[in-house]
Structures are given as C-alpha cells and as structure tokens.
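Colleague: For reference, the chains in residue letters:
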Amino acid sequence: MRNFQYFREMAMSRIFLGSAMCSVVAILLIMMFLFVGCLPAISEIGAANFLFGENWTPMNTPPSFGILPMILGSVYITVGAIVIGVPIGIFTAVYLAHLCPPNMYALLKPVVNLLAGIPSVVYGFFGMRLIVPIVRDISQILTGGGTGASILAASLLLGIMILPTVISISESAIRAVPVEYYEGSLALGASQTRSLFFVVVPAAKSGIMASVILGIGRAVGETMAVVMVAGNQAVIPTSLFRGARTLTSNIVLEMGYAAELHREALIATAVVLFAFILLVNIVFTRLVRRRERREK
Amino acid sequence: MRLTKFIDMLLFSLTKISAVITMLVLFLIIVYILANGIPHLRPSLFAIQHTADNVSMFPALVSTLIIVLLAMSFAVPLGIFTGIYLVEYTKKGSRLVALIRSTTEFLAGIPSIVYGLFGMLFFVEFLGFGFSVLAGAATLSIMVLPLIIRTTEEALKSVPDGYREGSFALGAGKLRTIFRIVLPSAMPGIFAGIILAIGRIIGESAALIFTAGTIPQIPQNPMQSARTLSVHMWALSGEGHNVGEAYATAVILLVVVFAINALSAFVAKRLTQY
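Line order of the protein sequences matches chains E and H. Under the numbering used here, the first sequence has 79 at position 79, and the numbering climbs by one with no breaks. Under the numbering used here, the second sequence has 113 at position 113, and the numbering climbs by one with no breaks.
Isolated chain H (complex conformation):
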C-alpha cells in the first residue's frame, strides 16, 4: 500500500518537474539571448550598407522581407487552391485525395537541408536561376506548401455545411459559393496558417544557403543572391569575432518570430468567435 502511494507521488511530481523543466528551458534561452544581445544592439547594426566592420543586419532584414513575399506569392495561391480542391471538390475515400494527402504529409517531413540540396540541383542549376532570391523563394515555397494546405483544409472543413447549402439554395453556383461564402468564413484560419508559414521561412537557414546564397546585400532584382536574417545570424556565429553582434541578431530574430507567433494565435482566436 505504501509502495503504490509512493509510485503515485513519484509519477505526479515527475509530471510537474517535467512541465517546470519545459518552461525553464524557454526562459533560459530567452533570458540568455536577451541579456547578452541587448547591450550589443547599436545603431550601426542597422546601417543601410553591410560592411565587414558594422556587420549590419539591415540588408538581411530587407532580403528576408523580399524572400517571404516572393515565396508566399507562390505558395499561398497553390496551397489555398489545393485546400479548396481537397475539401470542396472531392468525394470521401477517393484514391487521388489519399495520394495528395500522403504526399503532402511526406513533404512536411523532409529535412530542410534536403530541400536546400534539391533547390540547388533544380532551381539553381537545372533551371539556371543561379544563387538567387528567386531560387531560394521557390525552394521555400515548396517547403511551406504542406503547412498552408493543411491549415486551409482544416479552416474550410470547419465552415458548416449549412452555409454552402444556403448559398446553393439561393441559386449561387459552386465557384460563387466558394469565393463569396466559404472562403471568407474560413479566412481567419487560413491567415493563421499563412502567418505560421512566414514564421517558418524567417527561421529557415539550411534550405537557403545553397539556393539564395549568403551575400549580405539588398538584392536589386530576383536573380541576385542575398541572405536572410537567419542565414546572416549563422554566418556571424561562425566568425569568432562577431559574437556580440550575433547575440544582437538573435534578439531581433527572436522578437520577429515571437511577434509572428502571437499574431497567428491572435488571428486564429478570431476564428473561434463564430
């Protein structure tokens, strides 16, 4: 009897200890990065031009924005259309749906370095894009496609069938029903997914090194190489003498990623107001 009580106590405290460890780890990472990074946040880190002296992250910030916009302009329409097809146009148990769904799942599992290698072989070399913003964005758009498809699917599924039936009963065609009734109601969920995808792109580095390259400049056109903030941070951390600047870059990276997470959670919460 005493033994079972002891095991109960042990298991119960283990759950608590684990939860505390999980929280402590996050706080440790945040505090450690902030404490070491904030003192190094100097105005020169945001100079327009990157030089070996100021290691400015400004070009990287602009390049990140460009790559995000470019990648999303490929991935968002494709992802949303795929979601619409899977939810609105297919019957349950269709072979094609099973195929598309399992390939999407598989795409989600591929490591980013494999995407990077594929992007190098296909976009950079086979299609002749060279190390360029375009090649990087194209690679990343494939990488985030599964995320957008899945969230779109879930958002569309959560729209009650009564909306669709009501629209059909009023004489609207299928397309009109989708674009005027179903999509607007599913928008918050889809947006939350898109924002998460943006977060993934901002955090990505392995898939970009061999596709977009690592040149610290603001690209003048999509065929030029550029590094995003994550790649910039990786490059800095590899050089032993820019440790402070690497911490400062990590601070900015954390702030951006957390802001994006918060935004996604906020948008997703609006979904539940229906």
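Only chain E is shown next, with the shape it has when bound in the complex:
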C-alpha cells in the first residue's frame, strides 16, 4: 500500500515535469522547423541580398527575393502605431491609476479589456470600411490621389490595437510606484498633476518602457488587420499615403501558392520576424527585471 502510494506520487511528479517541458520542446521544434526550412533560401539568395535586397519579385525569371521593402514597411507602420497609440495609452494609464473617480474606473477598465478582446479580423474590417475611406479623402485633398489603403491607415488602426497593451501594463507600473514618492512630492508643495508627471511617472519609467516594447511586439506581429488596410505593395514606401507591405503580410499573402525557393524565402521572412520578437522579448525581460530588482 505504501509502495503504491509512493509510486503514484513519483509517477505524477514526473508527469508534471513532463508537461512543464512541453513548452520548451515546443520552442525548440518551432526554431528547428523554421531554421531548417529557411536554410536553402538563405544559402541560395545570400543573407545580405535577402535582408537588404530592394526587389521582391518572386514570379519573375529570374526571381528576386529582397525583403527590405517589407522590413521598412513593418518599421514605418510600427513607428506610426507607437506615435499614435503610446501617448494616448500612457495618459489613459495615468488617469486610470491616479486621477479617475471610482465610477469612471468601473467603466474605463472594462473598456480597455474589451478593446483587447476584439478579434484582429474585426479590427481589420472596421479599418477597411471606416479608416481607409477617411484616409483616402484626406490623401486626395493633400496629394490628389491615393486609395487610402496606406501606412497611415495601418498606423491608425494598429495605434488603436496596441492601446490595451500599453494601458494595462503602464497602469500596473504606475501603481507599483510607492505611494511615499507621491506624498513626498505633495508635501514639498508640488501640485497633484505635477507630482504625478514629474515624480511618479518617471519612477515608473522602466515599466512604461516595457509596455511600449510589448506594444511594438504586438504591432510588428499583427497580421490580418494590417493585410486588410495597408495596401500590401511590395515596394519601398515613400509616403504616408502610399501602401506598404509588412513582414507578416508577406507571409500570409503568398504562402497559399508559394513553392520551392519562394516558399523557403517566406519561411526565412518568418525567421526574421522570429528574431525580431526574440529581441523584443529580451529587452522586455531586462526592463521588467530591472524594476523588480529596484523594488527589492
């Protein structure tokens, strides 16, 4: 009887350990399949030609696989999303953490959660039907042309989509600042707003940065919504009102029919994305760890 119980305890603890190893195995499998899948493309095209090539013409003879337009597209659209989403997000977080009355909080907090819950296809469809036509009108007034499906439209939409990430992480960072900082500043005669923005917010800097980093990760990784509003031309973008293609869109647009080298080049595009997210993740953990260390 005792033996049986001992055996059961041992067996289950092994099962728990085995389950815990699954996520490690999953990461390894993902890396293995992506890297092995992209190797032929990288060796044939050459890493430099692939990353810095300005032409993506997979159907030409000979084909050309340069993803610089997509890298720039991702960068421009993400920068635009950050410019739009981050200030609104941080100010909303300050409002949520310190300034808003309880009944406002009970309204605003679920709003943020619901924004996080809306599926990206719904965001994309909303962007396609409402944001793109508005951008088209603006672009026709300003530049006399343009379809509206553009960097500006994608940045606006992604700026909205990263709001919940920026707001909730910044809010908890601002809340984590010891209340003495705030009270000390008030005691020195600073006003409420001044204490918040010149003492509390700077003290929450690394947490707020972490929220921005995570927002960047979200914006770079977003696929379906961007495909629906960004225009998707695989050329180096020259204006806010021109279309652009991101790394993620490149995969989703062409994977359905790609074969051989073209296909491997798309897998290599995913590897570039993967590497970028890895970088974002490392920076994020660094920032969070710094905050935790300081809190101790």
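Please keep in mind that the hints were generated in silico from the structure rather than gathered at the bench. In this text, a Cβ means the ideal position worked out from N, Cα and C, and glycines have one as well.
Okay, derived cross-link-like pairs now, BS3-like style, lysine-lysine, Cα gap no bigger than 30 Å in a straight line:
1) H:K16 - E:K109
2) H:K91 - H:K174
3) H:K92 - H:K174
4) H:K91 - H:K157
5) H:K5 - H:K16
6) E:K205 - H:K92
7) H:K269 - H:K157
8) E:K109 - H:K157
9) H:K92 - H:K269
10) H:K5 - E:K205
11) H:K157 - H:K92
12) H:K16 - E:K205
13) H:K157 - E:K205
14) E:K109 - E:K205
15) H:K174 - H:K269
16) H:K174 - H:K157
17) E:K109 - H:K269
18) H:K269 - H:K16
To give an idea of the chain H side of the interface with chain E (calculated C-beta under 7 Å), a few residues:
19) T22
20) F106
21) G109
22) L145
23) G173
24) K174
25) G203
26) F210
27) A250
Given the coordinates of chain E, work out where chain H should sit on it, guided by the hints.
Modeller: The following block gives chain H in isolation, referenced to the frame of chain E:
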C-alpha cells in the same frame, strides 16, 4: 507661476482627453459594426449548409466549437500540469524553472502568423495531418499554452500556504493535497484563464488559414479542413460582394467574444470572495 499652472492644466486635460478617446474608439467600433451588421442578420445566414449564395456562418460556428474543444483538450491538462509543477514542485531560484518561465514568456510573444507557418510545416506536412481541424487545434493549443500556464500559476500562488500545511498535518500526501485542497481553491482563477484562452482561439485567424484551411463545411472527422468564425469573416471581407454578410458575421463574433470576456471577469470575481 502662470506657466506651471498652465502645464498642470494641460497635462491634466490630456489624461482626460486620452481616456475619452480610448472609450470613444471602442464605442465607435461597436456602434459601427452593430449598425451596419444587425440589418443583415437573416435566418439564411444560419442555414445548415454553406452555399456561395447564403454564405451561412452555421458551419463556421460548429467548426469553431470543435476547434475550441479540441485545442482545449490538449492545452488545458498540459497548462494546468505545468502550472502545478512550477508552483508546487520547484524550489525558488531553480535553473529549470527560469528556463521554463522564459520559454513560456517567449511563446506568448510569437506572432500568430509564425505559429501558423510552424503548424503548417510541422503538423500539416511533417506529421501528415493535412489541412485539418486537428492540425489547427494542435497549433492553437501551443499558442494558448502560455496564457493557461500563467493564470494557473497565479491562481495556485494565491492559495494560502496554510491550506497545504493543514492538509499535510492531517496526513495527506502531496498529490492528495494538490488535487483535493489546492486545485479546488484555485479553480475560479484557472477557469478565468481557460475562458480567456477560448476567447483568443475564437478571435484567431492568421494561425488557422494554413493549418485548418478555409473550407466552409462542418468537419465529419478531425482530419477534415474547416474554417472558424474568424476565418469565415476574413474570407467574406475579402470578397467585395458580401460586405453586409461580413458585417453580420462581425456582429456575431463581437457578441461571442464579449460574452466570453464577461464570463471570465465574472468567474475571476468569484475568486476574490475567498
């Protein structure tokens, strides 16, 4: 002096304006989708069979349910067991825990299209599942695993140590303590996490297009292709002549996702009653 007052005022109103913008954006999206979608909600959109004429979302609804159930049947046991291992079986500062924790965080950050591509390379082609409900569900289960692990961990950590010590003092073994004492008290938190994971699966599309495929049918077995509601909505929005139907599908999608969010918040609130 006047300048500092002005800056104070400016910053204060900026916080208010930002909060209002955040709220307006959500209301704009909801109102816009509802206003354009509700008039197009016709009974034929829920016909059993999908045809090019009725673009029924009924098969997509059933497929969504199947994929959710299948994905959760992989992810829930794995996620809960991992959470138990991390909280109950490891010492603080262990290398292995650090490794598992950072891989989980990393998994959470990977874009869904990369999951989709991996699912295609691994489940669809390497394991030979083909474009199938099974391949889609397996891919999604990896995708939501971090969410379930994290919420399980937090729920288990919030169970007071006194519960465990009391159980040990009464002579219960570790397993019995976990399954009879700790897990039941942590259940609301774990459930809230599972419900959130279901919401993520319902909203997902990029990871499914190249794994579960896009065929609008009710799958007869797990090896057949099917599209979920989100994928259905994406397919409709791409065809210019089904705009009204796409709005109607968006309405249903929003209603389902919001209901799931509300359910999760409700369940999580029960946690705080302890």
